[in-house]
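Undergrad: Sequence:
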Amino acid sequence: MIYSTKELLQMGETQYSIKEKVKSHSLYMISRGMYSDNQNEFIETEACIFKRYPNAILTGLYAFSFYDLTDYVPQKYDVVTPQHSFPIRKDDISQSYQNPSIINIGVSIVETKNGLIRIYDLERMLIELIRLKGRYSPEIYYEVLNSYRKIKDKLDYIKLNKYAKGFKNGGRLLFKIKELI
Numbered sequence: 000m001i002y003s004t005k006e007l008l009q010m011g012e013t014q015y016s017i018k019e020k021v022k023s024h025s026l027y028m029i030s031r032g033m034y035s036d037n038q039n040e041f042i043e044t045e046a047c048i049f050k051r052y053p054n055a056i057l058t059g060l061y062a063f064s065f066y067d068l069t070d071y072v073p074q075k076y077d078v079v080t081p082q083h084s085f086p087i088r089k090d091d092i093s094q095s096y097q098n099p100s101i102i103n104i105g106v107s108i109v110e111t112k113n114g115l116i117r118i119y120d121l122e123r124m125l126i127e128l129i130r131l132k133g134r135y136s137p138e139i140y141y142e143v144l145n146s147y148r149k150i151k152d153k154l155d156y157i158k159l160n161k162y163a164k165g166f167k168n169g170g171r172l173l174f175k176i177k178e179l180i
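Start counting the sequence shown at 0; every next residue gets the next number (numbering that gives the first Met the number 0).
All clues stand as given, with none of them false.
As a list, the in silico BS3-like pairs of lysine-lysine whose alpha-carbon atoms are at most 30 Å apart: (1) K151 to K132; (2) K75 to K153; (3) K158 to K177.
I should point out that these hints are in silico values taken from the structure, not numbers from a laboratory.
Required output: the full structure, derived from the provided sequences and hints.
TA: This is the structure in structure tokens:
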């Protein structure tokens, strides 16, 4: 399990006891302020990122890769945060900002082997693919689009329709999705 320093302190640990547990290898330091009781979780994972930045939502190429819609392995975690959020200054995170009125549309909490993460569901990611087509290279765009065509029977079109209504140009987005899929 992954813990933040704040969580360990709330569990009754002290700064000194945390340091001692790290020295005795009963607790492992993943990165500054992040610890694990399992040696296999020694690398910083998406679960660490979402524990450190609870408002962040996994999106973009990393979400497409998470859902096995592309073979591309992203070098960075793509996250979206509300406008006017504090910038995330980490080399392995690509942050973008979104209007608070649409940021929570389609957010789901998924259990991974390393912990809970916040990620957009398949329907929202399809809207993101169409809406932000220019962010992706043509190869990746068409690879993901073809993957969506293969799983189109698994998509919830009622949910997709509801999500699209939350966007300013929702009607145009739905028309484009129906045209492409």
